[in-house]
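Visitor: Below, each chain spelled out in residue letters.
There are 4 protein chains.
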Amino acid sequence: MILGQNQYGKAENRVVRITRDGTTHHIKDLNVSVALSGAMEDVHLSGSNAAVLTTDTTKNTVFAFAKEHGMASAEEFGVALARHFVTSQASIRTARIRIEEYAWGRIETPGPKRHSFVRENQETRTAQVTFDGTAWEIVSGIKDLVVLNSTDSEFTGYVKDRYTTLPETRDRILATRVQACWRHSGADAADWDRSYRRAREHLLGAFADTYSLSLQQTLYRMGTRVIENCPGIEEIRLSLPNQHHFLVDLAPFGLTNDNEVYHAADRPYGLIEATILREGAEARIPADMTNLS
Amino acid sequence: MILGQNQYGKAENRVVRITRDGTTHHIKDLNVSVALSGAMEDVHLSGSNAAVLTTDTTKNTVFAFAKEHGMASAEEFGVALARHFVTSQASIRTARIRIEEYAWGRIETPGPKRHSFVRENQETRTAQVTFDGTAWEIVSGIKDLVVLNSTDSEFTGYVKDRYTTLPETRDRILATRVQACWRHSGADAADWDRSYRRAREHLLGAFADTYSLSLQQTLYRMGTRVIENCPGIEEIRLSLPNQHHFLVDLAPFGLTNDNEVYHAADRPYGLIEATILREGAEARIPADMTNLS
Amino acid sequence: MILGQNQYGKAENRVVRITRDGTTHHIKDLNVSVALSGAMEDVHLSGSNAAVLTTDTTKNTVFAFAKEHGMASAEEFGVALARHFVTSQASIRTARIRIEEYAWGRIETPGPKRHSFVRENQETRTAQVTFDGTAWEIVSGIKDLVVLNSTDSEFTGYVKDRYTTLPETRDRILATRVQACWRHSGADAADWDRSYRRAREHLLGAFADTYSLSLQQTLYRMGTRVIENCPGIEEIRLSLPNQHHFLVDLAPFGLTNDNEVYHAADRPYGLIEATILREGAEARIPADMTNLS
Amino acid sequence: MILGQNQYGKAENRVVRITRDGTTHHIKDLNVSVALSGAMEDVHLSGSNAAVLTTDTTKNTVFAFAKEHGMASAEEFGVALARHFVTSQASIRTARIRIEEYAWGRIETPGPKRHSFVRENQETRTAQVTFDGTAWEIVSGIKDLVVLNSTDSEFTGYVKDRYTTLPETRDRILATRVQACWRHSGADAADWDRSYRRAREHLLGAFADTYSLSLQQTLYRMGTRVIENCPGIEEIRLSLPNQHHFLVDLAPFGLTNDNEVYHAADRPYGLIEATILREGAEARIPADMTNLS
Numbered sequence: 058m059i060l061g062q063n064q065y066g067k068a069e070n071r072v073v074r075i076t077r078d079g080t081t082h083h084i085k086d087l088n089v090s091v092a093l094s095g096a097m098e099d100v101h102l103s104g105s106n107a108a109v110l111t112t113d114t115t116k117n118t119v120f121a122f123a124k125e126h127g128m129a130s131a132e133e134f135g136v137a138l139a140r141h142f143v144t145s146q147a148s149i150r151t152a153r154i155r156i157e158e159y160a161w162g163r164i165e166t167p168g169p170k171r172h173s174f175v176r177e178n179q180e181t182r183t184a185q186v187t188f189d190g191t192a193w194e195i196v197s198g199i200k201d202l203v204v205l206n207s208t209d210s211e212f213t214g215y216v217k218d219r220y221t222t223l224p225e226t227r228d229r230i231l232a233t234r235v236q237a238c239w240r241h242s243g244a245d246a247a248d249w250d251r252s253y254r255r256a257r258e259h260l261l262g263a264f265a266d267t268y269s270l271s272l273q274q275t276l277y278r279m280g281t282r283v284i285e286n287c288p289g290i291e292e293i294r295l296s297l298p299n300q301h302h303f304l305v306d307l308a309p310f311g312l313t314n315d316n317e318v319y320h321a322a323d324r325p326y327g328l329i330e331a332t333i334l335r336e337g338a339e340a341r342i343p344a345d346m347t348n349l350s
Numbered sequence: 058m059i060l061g062q063n064q065y066g067k068a069e070n071r072v073v074r075i076t077r078d079g080t081t082h083h084i085k086d087l088n089v090s091v092a093l094s095g096a097m098e099d100v101h102l103s104g105s106n107a108a109v110l111t112t113d114t115t116k117n118t119v120f121a122f123a124k125e126h127g128m129a130s131a132e133e134f135g136v137a138l139a140r141h142f143v144t145s146q147a148s149i150r151t152a153r154i155r156i157e158e159y160a161w162g163r164i165e166t167p168g169p170k171r172h173s174f175v176r177e178n179q180e181t182r183t184a185q186v187t188f189d190g191t192a193w194e195i196v197s198g199i200k201d202l203v204v205l206n207s208t209d210s211e212f213t214g215y216v217k218d219r220y221t222t223l224p225e226t227r228d229r230i231l232a233t234r235v236q237a238c239w240r241h242s243g244a245d246a247a248d249w250d251r252s253y254r255r256a257r258e259h260l261l262g263a264f265a266d267t268y269s270l271s272l273q274q275t276l277y278r279m280g281t282r283v284i285e286n287c288p289g290i291e292e293i294r295l296s297l298p299n300q301h302h303f304l305v306d307l308a309p310f311g312l313t314n315d316n317e318v319y320h321a322a323d324r325p326y327g328l329i330e331a332t333i334l335r336e337g338a339e340a341r342i343p344a345d346m347t348n349l350s
Numbered sequence: 058m059i060l061g062q063n064q065y066g067k068a069e070n071r072v073v074r075i076t077r078d079g080t081t082h083h084i085k086d087l088n089v090s091v092a093l094s095g096a097m098e099d100v101h102l103s104g105s106n107a108a109v110l111t112t113d114t115t116k117n118t119v120f121a122f123a124k125e126h127g128m129a130s131a132e133e134f135g136v137a138l139a140r141h142f143v144t145s146q147a148s149i150r151t152a153r154i155r156i157e158e159y160a161w162g163r164i165e166t167p168g169p170k171r172h173s174f175v176r177e178n179q180e181t182r183t184a185q186v187t188f189d190g191t192a193w194e195i196v197s198g199i200k201d202l203v204v205l206n207s208t209d210s211e212f213t214g215y216v217k218d219r220y221t222t223l224p225e226t227r228d229r230i231l232a233t234r235v236q237a238c239w240r241h242s243g244a245d246a247a248d249w250d251r252s253y254r255r256a257r258e259h260l261l262g263a264f265a266d267t268y269s270l271s272l273q274q275t276l277y278r279m280g281t282r283v284i285e286n287c288p289g290i291e292e293i294r295l296s297l298p299n300q301h302h303f304l305v306d307l308a309p310f311g312l313t314n315d316n317e318v319y320h321a322a323d324r325p326y327g328l329i330e331a332t333i334l335r336e337g338a339e340a341r342i343p344a345d346m347t348n349l350s
Numbered sequence: 058m059i060l061g062q063n064q065y066g067k068a069e070n071r072v073v074r075i076t077r078d079g080t081t082h083h084i085k086d087l088n089v090s091v092a093l094s095g096a097m098e099d100v101h102l103s104g105s106n107a108a109v110l111t112t113d114t115t116k117n118t119v120f121a122f123a124k125e126h127g128m129a130s131a132e133e134f135g136v137a138l139a140r141h142f143v144t145s146q147a148s149i150r151t152a153r154i155r156i157e158e159y160a161w162g163r164i165e166t167p168g169p170k171r172h173s174f175v176r177e178n179q180e181t182r183t184a185q186v187t188f189d190g191t192a193w194e195i196v197s198g199i200k201d202l203v204v205l206n207s208t209d210s211e212f213t214g215y216v217k218d219r220y221t222t223l224p225e226t227r228d229r230i231l232a233t234r235v236q237a238c239w240r241h242s243g244a245d246a247a248d249w250d251r252s253y254r255r256a257r258e259h260l261l262g263a264f265a266d267t268y269s270l271s272l273q274q275t276l277y278r279m280g281t282r283v284i285e286n287c288p289g290i291e292e293i294r295l296s297l298p299n300q301h302h303f304l305v306d307l308a309p310f311g312l313t314n315d316n317e318v319y320h321a322a323d324r325p326y327g328l329i330e331a332t333i334l335r336e337g338a339e340a341r342i343p344a345d346m347t348n349l350s
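Protein chains in written order, with the working numbering: chain A, 58 to 350; chain B, 58 to 350; chain C, 58 to 350; chain D, 58 to 350.
Derived from the structure by calculation, the hints contain no laboratory data.
Check the hints yourself; a few may be wrong.
Identical copies carry no separate label here, and so any pair may be met within one copy or between two of them.
Dumping the calculated SDA-like pairs for lysine to any residue here, alpha-carbon to alpha-carbon at most 20 Å [as the list claims (entries may be wrong)]:
#	residue 1	residue 2
1	Lys124	Arg77
2	Lys124	Glu317
3	Lys85	Asn178
4	Lys85	Arg234
5	Lys217	Leu307
6	Lys124	Thr313
7	Lys200	Thr151
8	Lys200	Gly162
9	Lys85	Ala129
10	Lys85	Glu133
11	Lys200	Arg176
12	Lys170	Glu317
Given the structure is predicted, the values throughout are model-derived calculations rather than measurements.
Model the full structure from these sequences, guided by the hints.
Guide: Here is the structure:
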């Protein structure tokens, strides 16, 4: 019997950090998951915990670091945590920190006090930092960014086999829930918030600007637009469910439906996934990474 | 054996309506649930469907009405549907239409084309229209509006019994996921979108402006603010889960925590619910209505 | 401004109780939600907590009572809690305890030790106990009991209007996710576990035995079967989503589909709801109670 | 710009197959997701669909194959589909079929008719079949199998660092939601249902029988037990969230808590993941595969 890849840690630490600048408060709201691996044969084989930093301790470390190091960005917080785990415990060789960040906007109020917030956006920002003592890997991402084009999408010219019944269309709704993650070339302190906003903006822009002949084409444009406009990004993976909006047949009721009334279906859905890489970059994002819940 | 209250219909019809104004498109995205009741003894007792307008037909009607009547607002769409069902079938005495509306913003693009959208906001707008052939009842609402004050909340002076361990606090995070619904005095054509925006704005404003001594007090201010500022609203019910943010004890790590680092807990949560009525108004919103998933 | 119905308490206390009988252990796994109401004007109007037993205390009470009173059944546990809150605090007039109970089976092992369990069943048992100092109301229930008949269901003879397109059928799948709750005539100590098993068994039996002409008819048979066979039950409300299984058209592929291959759809779904009462019983279960998440 | 790994297909086809053996019916209830890859550069780069078998066609194929080939087991159904896609379209080089199977039990009825079913179990059976024209890979699995030992679990002797506060314990509840998948050595027709039942039984048996010094140790025993007892299984990956049950401190209420009353917590949770391989086997299951929602 052989023990293969293994890792452990505390998942989904929900840490909220308030920073006070006079009567103006700032909020960071993260969901932090720690996964550690290293010299862990004993705990699996004999149950000896002598090399185990407990998951409870990794949780405590997340909260303590929120105080000691702040949470300027999800990426920087992940870097601080990963470095700590790998450098402070001999048994830990690799640390992977996954973070979700929830967006809050301000509730506008008349007075000088600014401490009231409202959750905004459907989408969630993500970050994953991995450190093995030598190399860093930082993968940022977005999930559940729901977008829709009400026209400029067609679908024609595909293979017809015995099981094909789909009629071709020159005008359809194209809608998807974007799941994307992109790998940065380095781990140097960057303006990670700005980097995220820019990637998000180019994903939205490419989705909106593309006259779509297939969702694959739209996906490819979204990925290339990010690579072209964001110098530090080497690789991006997109997972785009095709959220079908079926034109409702109103003819039985004596009505025409000139691309006006649609039924938004749940399942099944097309699922289009691809990685786009900068010339010369190595493919390192696993195929399923964009589909983790 | 007696047959008591009964109703039936098609739930969760996901209808999307695109309206084209040249190259500028508009989108309405609704989830419509129909519940009909009336002279339905036979279908229950003998299985005779002679008085039954099928749930499939109610679904068809929703999609056909999206074309025939448009969906100017969730409330107006509900009125058109409810009137139709009650007035067109002798066996149907009452119709209740429940609608969820999902918010979309525009993706800004350089050209003149405006047909690209992105889902926005965490919260969902709701509407319920009930018509019994004579009287109308329109209840609008909001769900999953998540808000947080990082200060100006205390909790002291409460009852202490044998099971009380909670220490008093003069400064805590107050966070909740607002579930609210409010009943209008009439069903006349109003600017329902403006009405909704105003109610939402006053809920947010009252939450932010109140120096909170208890979540009940905050709830009451939110409700009264809506009644005071929205002339047509007779009654509002709020259900506010107290989403606890626990100050993390960092003392074991030699750190102070001056209201900076919190753990956002899931369960259990306090749940504060109340109805506020305009003087002279009748209480008609059921206690659990704000908690329907 | 008038303060209407209001209540508060701690929701979703996840209490697990292990009872040891030598090396044989027993487990009870409940999710307990407390809602209290009474003389609570002050806390809403002025924020004074002088009459407020905190939600944190109600949580502590749930856990302490698990030790002091045990949790012989969800209903008895609810009775003990409701009595305590109403009789121990002058400001509290009514207590409503809602409980979900999760089912565990044993993992069979060779030795004498019996402390290993596996969660079983899709469905969840529920109980609601309400006490106002004088009268008791106990409502037991079940949710998410998913059942399917692969034949003996037809649907014909219904109203046809302008929007009707559904073809009649003499053989269809009938599937639903049963949500039901039933009110007992008293609160006296009964064998609540046996009572629940019997109600569940009759719901399943009636569903399976009924040759169905409509889901309403099946619902009515399920309700009447429970009332007829369970002497202490006065009233039952059922909410039955019609989980449509559409026969797939295989003709385009040169295949017949003799009621063999179905597509299980998610939304929309028919939703059939009704209350059945014992002769002379009062209707007290609210219409939406079966649909609470 | 380089196009990396890409795949597409229809996800979550909900196919239900009824087989009639006189008045005894049998049901198979699957959720089938198709992912195809191959010579798909054009559709990404230029939007040409000339090499694209549409996702709609893959959906049709799933339903047609349910009729043509039956669904004897999830694994066999996946094999039939994967072979078809790869061998019938030149542009498709690899097909990966993922299947969830939902368990139904019979509702016992007095007569000879046997067509009534009730969903059972919390857990879901899974299968993944991959074929590249030459090699087959079949990975079976289980998800959401929730288990609990009420004793025979301790946790001591771990690393203590600056952030460690956890007290050691000699008796705790050990509970987890098992996510597991295991790879078979071949794709030959086997009794896949029996294979699944055996793997499930050994997972449960090892969980129950192990006196646990750490969840890692329990995981390793579960994995090795499967490998030892199931000759065709080469590799298994387990992902075990440690669903913490915290002993409630009842001392403030003058009560002792002798491992009787626990609070079942949601988040954060420990997450323990590992692969166990048969001697000489190659590691091929990706690290995140057990965590796909």
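Visitor: Work down the list of hints and note, for each, if the structure agrees.
Guide: Evaluated hints:
1. Lys124 - Arg77: Intra 13 Å, inter 43 Å, cutoff 20 Å: intra-copy only.
2. Lys124 - Glu317: between (53 Å within a copy, 7 Å between copies)
3. Lys85 - Asn178: Result: close both inside a copy and across copies, 15 Å intra and 18 Å inter.
4. Lys85 - Arg234: Answer is between: at 18 Å across copies they meet the 20 Å cutoff, but 24 Å inside does not.
5. Lys217 - Leu307: between (27 Å within a copy, 16 Å between copies)
6. Lys124 - Thr313: between (62 Å within a copy, 8 Å between copies)
7. Lys200 - Thr151: neither (25 Å within a copy, 27 Å between copies)
8. Lys200 - Gly162: both (18 Å within a copy, 17 Å between copies)
9. Lys85 - Ala129: within (8 Å within a copy, 38 Å between copies)
10. Lys85 - Glu133: Close inside one copy (13 Å), not across copies (40 Å); limit 20 Å.
11. Lys200 - Arg176: both (16 Å within a copy, 12 Å between copies)
12. Lys170 - Glu317: Between copies only: 17 Å across chains, 46 Å inside a chain, cut-off 20 Å.
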